[in-house]
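Participant: Fit chain V to the known structure of chain Z by using the hints.
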Amino acid sequence: MITAAGRPVAVHQFLPALNPHDATGTHTLKLREVLRAAGWRSEIFAEAVHDDLAAEAYKHWMYPEHAADGDIALYQFTTSSVVAPYLAEQGLPLILDFHNFTSPELFAGWEPGNETRAAQAAEDLALLAPEALLGLARSTYSERTLRHAGCRRTAVTPVLADYARVTAAPDPRVAAELRDRRAAEGGADILFVGRVVPSKAQHELVKALWTYRRLYDGAARLHLVGGTSSYAYSKALYDFIVDLGLAGAVRLPGEVSDTALAAYYEQADVFLSLSVHEGFGVPLVEAMTAGLPIVARGAGAGAVAQTVGDAALVLESGDPAYVAAALHRVCTDDALRRTLADKGRRRAVELQGEKVGHQFVEAIAGVVGQP
Amino acid sequence: MAEHTGDTAPDPEDPGAYVQQVMAEIAEEVRLRRASGDLPPRLERELDELFLAHSPIGVRGGDLSEALRLVDAATFIDPVVPVESERAAGAAVKKGMRTMLLWYVGWVTHQMSQSTSAVSRALHIVDDHLKELERRIEAQRVPDATVVEFPTSVPPGAWWIEPALAALAKAPGRVLHAACGNGWLVRRIVDSGLDAYGIDPRAPIVDAAELGALDLRDEHVTEHLRAVAAAGLGGIVLSGTVEGMAGGERMLLLAAIGVTLAPGGTLVIHSVGRGAWEAADAPYGADLAPGRPLRSDTWCRVLEESGYTAAAEQGPDGSDYLITAVRTGLTPYKQPEPGIR
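Protein sequence lines, in the order shown, are assigned to chains Z and V.
First residue of the first sequence: 1, per the working numbering; consecutive thereafter.
First residue of the second sequence: 1, per the working numbering; consecutive thereafter.
If you're looking for bench data, these hints aren't it; they were derived computationally from the structure.
Just to be clear, a hint being listed does not mean it is correct.
To be verified - Straight line, CA to CA, 20 Å or less: simulated DMTMM-like cross-link-like pairs of lysine to aspartate or glutamate:
#1 Lys30/Z x Glu47/Z
#2 Lys355/Z x Asp162/Z
#3 Lys355/Z x Asp334/Z
#4 Lys235/Z x Glu49/V
#5 Lys131/V x Glu66/V
#6 Lys235/Z x Asp72/V
Chain V on its own, in the form it takes in the complex:
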């Protein structure tokens, strides 16, 4: 092996910086190699394809079309078996057997190939239909709502913290806060003597605090609730979460809450009103959201029809409100009939 003749020498005072410099030189070496044509991009692709060629069909192909291509390639069953042999007379014996049996084996394999080909054709028709459906659905897809935080959602403007803590005081079990951000409310709930944790889909915010003293997780609220045991939570706080949800997403969330919140458990919802949502200075996430905030009395009505006793409290400037609801039974959430009011 030839001794490397790069410029970098280790600095005994800062070996970390030395290794970083080496990494940068390696990156530059790769760039130069690629620019020189020593390593065409197709080579790596060909290496991948070669390995996949030896892999089971289940490992290959990311979609149905690719899997069908593999099925097509494997449809024909060759009745002419190879006859090579390491033994002297082996090839002659194998060839004799092949000749004697070919009429029989050929008849069987022909039918198997026909059968497989028919199944493959049917699957191609299914694939074509699915692609057409995907195209149509994609054009009408409603994106999930993201977390939208207004000044009243988080401190110091969050007037609703004390009423929320008061409502949660008798929560009969663990309390979940979504979207928890860096855990500011989880800390307040824990300090009040309750067991609490938080989730938030904004990974960069949660990652920084995830392994601290608080139990915070990078997860979407509905997906998380689907993984929680029935009646496993004593309290749920939603802030910055429900305002922009479309009807379907909100229905799924309430259904999941209906399963996971124990009888006697408390649901706390903080939401801005439509005025703040439509205001010119609202966060841009409000503009992009698929839904709009419900009125506070609509929330109360929806929750009462789903087995809660609910009350609303308006914020000091009327731009937002707090819903506190206690689960009285196990009535599952049902979507209200249109025009019921």
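Isolated chain Z, as found in the complex:
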């Protein structure tokens, strides 16, 4: 589609914050390339732009300087933001690219600020969804949320992510440290990657480790990779770990580099997720890409079961006894490990690559016309 001025229609992306090494940031930058390659003009406008990406995006309030007839707004919906009411005021034809957000109840009692922001996000969604031409969701779980908010036309498209980072050369120092410790102590290395927040339920992982060590493998270790946005939860988690006598067995390295992350995926025996809310679960796909078997809670965990498909041991609950038995089986049954790794790699291929970009182009062209 060409505007009256003879230029291709623009599909501009708007989002709350553009950050490097962040799933939404990576997705937004990759989608811009996909949109441009398809023939649309496309720029990024954000409420906050990280210094490292200052050349990649404009502040959202600078949009009028770039506005043209026929512009389409594509909003990366991740949390509450002033960008939502700003877009409602602009009245542009709107596409929601919905990454889901943690419901306020999951922050209740922990972080009043996060609880308030999550409640505001629900209001932002109620404001924009009924007006959207199209809602793109990462999973049928998120698609239901969009439909319930009033979005009339929806499609499911996976996230555009940089999964190659988990198979790139791992940080040799981190890999050697993990390897040496295992050689000295024995025991399995259990990995989870995700922010340390109540909805990821890292305390359930600690309970599972405690049970696993008691019943099956007294030397097992748990690696909880990821930063935090909840001091109260992090503090409670750390004190819980100390009280259980697991200070030497649970490591909280915080946010790590891509190469260090690759080392964790390479050295771990199993990826364990007991999260109670995932709109998609990029780390699950990273684990599958790395050939790491997954044990995960499925029921009540959002999109986890859909993301992993049949390529993981998906449990009905986070019951520590059940989780421990599943970990034991995965860590000691080579045939099962091979089966899960093979199925995981195949499932990961389904969720990445050029075809994902094509899915976005087809869905968007379906409502705004071919570029």
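Facilitator: For chain V alone, coordinates are given in the frame of chain Z:
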């Protein structure tokens, strides 16, 4: 790690069945572990309690009594501060300061403990009163009506579909059908050229169809309408919904419709009559419902007093009827005074 020696081996032709078999073996392993006493149930409870002990008070306690127990535990403020120190003279310095300041700090903390204790006592009295009220209210609680479908509510016996579609033809906006079931009427409305969606509280029925081409949602009608913008709907169809409602629930539904149905919008109500409701072959939900169907002329009267022009059409065998009403103004629904007729 020891190699697992289970019986199951992967079948290259059917890896899915293999994983299912593994899951079953894991469940059996858990059962045996529990039966052997390796993992007493109290252990998991103790793990939960230990984590909660480190959590903020807001995360703990599911009710007021539990929260008050935590308040009671935190009521006493200890003025005797710990004096341990990693530095050589640190403990002696801290102890000296504690001794010097204890008369002052102790006086302040004593008053704070007294104050907190008084507040806690008052809250306990409130808690006792609330519990007594809950006990009394629970005994008199009127349950919400469920969807009750008669043969005339759904195809092929639903004679009222064509008149309903005709009434909706000029609906000035989106049409809602409650209870929509699998979306059979929503599809008919969409096929007639209108924009429509459906809701139904029966989750298993809606779940199967929710993400298809039709917009169907697993929601209760009154709760849903409360979330819809004022004058946001051009038409509302109620079938299998209103017959068993008690007066209060029906009043709340009509109030919500009064807010969400745009002026000029159409309200369609299909209801069975009292004869069908009381018949021996009526669905069991009719017996359990807190209310009974209104007469068709009562519906017309109630709607006309609430700003609608309403008409009733009786079904071919007289067992049910259809109300079609057009909203003429924004008069909010009001409960009729008893004995007004």
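Participant: Which of the numbered hints above does this structure break?
Facilitator: Those not satisfied are hints 3 and 6.
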